[in-house]
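K.L.:
Here is what each chain is made of, one letter per residue.
Number of protein chains: 2
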Amino acid sequence: MRYELYYWPGIQGRGEYVRLALEEAGADYADVARERGMAAMMKMMEVSSGTPPFAPPFLKAGKLVIGQTANILLYLGSRHGLAPKAEAGKLWVHQLQLTVTDFVLEIHDTHHPLGPSLYYEDQLQPAKRRTEEFWKERVPKYLEYFEGLLESNGGFYLTGRRLTYADLSLFQIVEGLRYAFPKRMKAFERNIPGLVDLHDRIAARANIKAYLASDRRIAFNEDGIFRRYKALDL
Amino acid sequence: MRYELYYWPGIQGRGEYVRLALEEAGADYADVARERGMAAMMKMMEVSSGTPPFAPPFLKAGKLVIGQTANILLYLGSRHGLAPKAEAGKLWVHQLQLTVTDFVLEIHDTHHPLGPSLYYEDQLQPAKRRTEEFWKERVPKYLEYFEGLLESNGGFYLTGRRLTYADLSLFQIVEGLRYAFPKRMKAFERNIPGLVDLHDRIAARANIKAYLASDRRIAFNEDGIFRRYKALDL
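Chains A and B, in that order, are what the protein sequence lines are. For the first sequence, this note's numbering begins at 1 and goes up steadily by one. For the second sequence, this note's numbering begins at 1 and goes up steadily by one.
No lab work stands behind these hints, which were simulated from the structure alone. Remember, it's a predicted structure, so these values are computed and weren't measured experimentally.
In silico SDA-like pairs for lysine to any residue, Cα to Cα no more than 20 Å straight-line:
no. : chain 1 : residue 1 : chain 2 : residue 2
1   : B       : Lys128    : A       : Pro116
2   : A       : Lys60     : B       : Lys90
3   : A       : Lys90     : B       : Glu87
So that you can see chain A by itself, here it is in the shape it has in the complex (with noise of 0.2 Å):
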């Protein structure tokens, strides 16, 4: 079967994640709106469709079509050996997925801590105050707590010895944040060895490297999730 994905063509932003699991499970699938263009993508979004999708990124899979991309993460991981069958593990590695979501929300408001709907130039004092608190007290949270879970199994992959869906997601995660913010990042990875580890191995694998080298990984752009904005990082 191929897979069709559906997202914004010209960023990474939570299409990313799912973009990561396939080709790591070298799955076969078109990203739809970057070969055929928008209009493809806004047909499947309306509510004739039945199961319209609120916003992209979603996952045509034969008859179904799968949104939000933890549930498309929950679909494609049994599936392809990137989380377990059985269902406690399933549903941990699942979990893992939704506590890496939050934090995607959050490095976003960094940029938009008044809303999505407003420019990101219009929001630059909020944008800066909310950067402080997000270094200060947010990223240690969740990247401690990741790094916890990764020392506490021996450092190999945060469910274990086998790698899920949810590290791939961590490997972008501390991509996209050296890329938003050089300068803090920087700073900050002293206090996860094991979370810098695990990127460095997850770049190496065969199939994600071929991926990175490719033009089917669009570069980190100012207007995806991950947006390098000097005035946010001091």
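Fit chain B to the given chain A structure using the hints.
P.N.:
Relative to chain A, chain B alone:
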């Protein structure tokens, strides 16, 4: 099996979505921190527990400890007739719940746009601006999406003729917005007659009605997600 729900004892918060599902299902559960104090909850959050939740709420179900509100509902849904058992329907209801989850975070951000670690009083001006955008852009986008789903399948429940946990969560959204923004919500309700009707039918269900009248239902207050701040309700 007697479930154990772990959540902050003084607020409805995110735990309320789980409580409503447990109550509708007539499930046997302990609300641990309310009944036995906070220490029992904090102990479960230590890394040494193996699968420590990042934050409350979490549910102990036999040996399983499940964190993240939507993940708990995913687990409970198929066991208590609050979601389809087949994969397609299960994923669809979960997808809707994850969209509710996103909305809940945006509701919280109206009074905490600069982040959860600062006081409301220290972010009053940003809160006013975020709340304006929230009611102008985000409430219509979210609630009219759900309204459209209700309409498109005849007005019974979100996914068709059977109640799911996502319907119970929408009851709480309507209830909460009425509490937090009585004026704004009163004006907005004319746009969402289907959701208001859904809310009323859920409030009249035997188990929910008994729950709402009991002291197990914590009253809304200004420590939860939905807060009544006059400055934000113009």
